[in-house]
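Q: Given these sequences and hints, build the entire structure.
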Amino acid sequence: LHFALTEDLQQEALRILFREQAGDAFRAERGFIGIIHAGNGEVRRTLLLRSIVSQEERWVTETPDGLKFSAHYFSRALDLVADSPKGAGILLVHCHPGPEGEFPRPPRPSHPDLHYERLLLSHASRALPETSPVAAGIVSPSGMWRIREYVFSRQLRAPRGLFRKSAEVYQDAMAIRILGDQGLFLQRDSSSTASTFPNENQDSTLRLWGEEGQKILANVRVGIVGVGGVGSILAEFLARLGVGELVLLDYDLLKKENFNRALGARLSDIGKPKVKYVGRVARNSATSKEFRVRALRGSSAERSGLAAMLDCDIVLNASDSAPGRQVLDHASYAHTFPLVDGGTVFAVRSTGGDITGKSQITEAGPGRPCLECSGVYSREEATLAREEPEIQGPTPYFRSGNTQTQDHTPRAPSVISNNGLVASVMVQRFLKTILGFPPKHALGQQRYYVDQGEMLWGPIRKCQDNCPKASWIGLGDSHPVPVGIDPFWKRMQNQDGR
Amino acid sequence: VGGSHKFSTLQLPEQLQEAINILRADFAPETRIDAIADNWAYVWLPGIQFEESKYPPPTKRGLWVRIPIQFPNANPHGIVTADPITPLNEHAIKGHNPSHETCKPVAELGGKHYYSWTWSGELGPGPQLNSPRDILKVVSWIERRIRNA
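The listed protein sequences correspond, in order, to chains A and B.
Numbering follows my numbering, with no gaps: position 410 of the first sequence is 459.
Numbering follows my numbering, with no gaps: position 41 of the second sequence is 51.
Everything labelled a hint here was simulated from the structure, so no lab data went into it.
Mixed in with the good hints, there may be bad ones.
As the list claims (entries may be wrong) - List time: in silico DSBU-like cross-link candidates among lysine-lysine, alpha-carbon distance up to 35 Å:
1) A:Lys321 with B:Lys114
2) A:Lys338 with A:Lys489
3) A:Lys304 with B:Lys114
A: What follows is the structure in structure tokens.
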């Protein structure tokens with residue numbers, strides 16, 4: 050179980066729980082109710098904080114028996130759940146007061162904490178639909194969280210209306226993800242933290258970001274969509290940097306004509322799934338002691354491919370599929386994760402034969418403009434690319450990985466050096482997001498114009514006024530992500546007789 | 011012409027189900043999905059307006075519009091008709107593909123002519139689609155395309 054929220058909500062939570070108390074010798078205990086949604090990946094469930102329910106004076110009060118949430122406050126929260134998209138639930142949060150920065154560790158629940166949160170949530174859950182998540186949280190003044198999700202089985206209700214202990218199942222969050230426009234903060238339970246030291250392979254980078262930074266890398270799970278020319282380089286770079294886990298997603302097979310940009314591939318890999326050799330290359334290059342790689346054949350335009358990406362802390366997209374991009378664009382907001390997209394398009398002018406083109410690297414997700422508003426794909430491109438391969442004509446959108454299998458369509462040109470350039474900038478963006486590596490405050494899109502040899506920042510700094518994506522933040526599975534069938538992957542499966 | 015009422019829509023994405031219900035309530039109760047082929051729902055729209063000054067009778071005809079199951083996050087693409095769309099002046103209609111592969115899912119129900127009209131075709135970009143209710147814009151878009159075909 051993971052828990053995710055935006056930096057804006059984190060600041061709001063800290064303001065409610067600790068405001069006006071800074072400097073006081075004694076701090077009162079405070080609390081709030083949050084609206085949450087769940088997002089389920091293949092192996093990871095994430096609770097997402099969607100909003101904090103506003104409270105009136107004395108709706109949350111400290112009593113000798115602990116913090117008391119008034120019936121009015123619960124009622125307001127339940128009304129908000131009823132008005133939310135299906136799947137909304139509630140999170141009861143209280144603080145463990147103390148001087149600022151005293152508890153760099155996540156707070157630990159006391160016995161009364163556990164008793165009261167279970168009692169309150171068992172009652173609250175009965176007023177909610179059965180599928181609504183219920184959870185409790187504690188926040189320390191340093192902004193660290195402890196989250197526990199409860200599931201109360203209704204079939205096992207005790208005769209007097211209270212739940213028996215056996216009717217309750219709970220799970221503690223192993224990690225907290227706080228995403229703001231400046232980056233991603235990952236708080237991990239120390240029991241689930243990978244050990245990284247001593248590690249002499251990382252001396253040069255340790256001088257830049259220290260053991261703390263290296264630990265963060267060793268505990269991050271990165272999704273790579275598309276492991277062609279750009280994706281294979283990304284996997285190699287990230288493995289060498291000391292990233293703890295990679296999830297690779299691509300359905301394509303390595304072809305002879307891909308070999309000139311397939312980093313680390315052997316001739317014997319031709320005809321085999323790209324994810325297979327890229328997984329091997331990453332394992333051989335990994336500097337993290339507990340490195341793991343999951344190599345999956347699939348498409349991010351389909352539900353199963355998306356689920357694998359929802360297991361990740363950050364996703365790097367190097368696939369040129371417009372529907373795949375659209376799905377990841379939606380998911381990065383609804384499921385609150387950072388998305389870095391990269392691609393290149395080349396063209397040879399019909400007159401003069403000059404080579405022109407551009408590479409572009411774009412960040413999306415909460416606090417950033419979306420891929421659609423940044424012009425990375427259009428809805429029409431995503432629509433037409435959902436047609437059968439036979440019906441699709443040559444498409445004008447970005448092509449870099451060449452995952453297309455349509456034999457009669459001319460392949461888009463690709464050069465390993467440009468793939469390397471895109472991959473390098475994507476990894477810089479990854480380091481910026483995870484470690485605050487320079488350019489720390491830069492956001493949006495970078496473009497490299499092939500004929501000018503210049504890298505420039507794109508003009509888009511925020512989404513268009515009518516873009517709805519910011520309103521999807523924290524909706525998780527309650528947001529209908531436009532998954533469907535990837536016609537190219539389907540055709541390949543039919544050809545394989547899978 | 012037209013499909014069976016036996017097709018279950020319960021497995022379809024909720025937004026598409028909602029859009030179909032809106033069509034049934036606000037356009038025509040006989041609206042239905044006759045087939046699903048991968049990403050595409052073939053939605054039977056009865057009573058599409060064919061302008062009298064441009065087309066021979068009948069002025070109301072049924073046809074299938076291809077709505078993506080990702081609606082409203084993807085755009086409609088193309089219509090399928092039982093009979094060719096022939097204006098009074100008999101000029102050829104752009105994008106007409108008789109007996110096209112795309113007709114197959116509704117071929118048994120009489121679908122024989124595919125018109126590969128995109129949402130951003132020669133009439134310029136279609137209206138913005140944001141919610142299931144915007145399915146009603148699709149009906150007026152088709153009628154506009156037919157009027158200007």
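Q: Each of the hints needs a verdict: does it hold here or not?
A: Cross-check of the supplied hints:
1. A:Lys321 with B:Lys114: Distance of about 34 Å is within 35 Å: holds.
2. A:Lys338 with A:Lys489: At roughly 28 Å apart (the allowed maximum being 35 Å), lysine 489 (chain A) and lysine 338 (chain A) satisfy the hint.
3. A:Lys304 with B:Lys114: holds (33 Å)
Violated hints: none; the structure is consistent with every hint.
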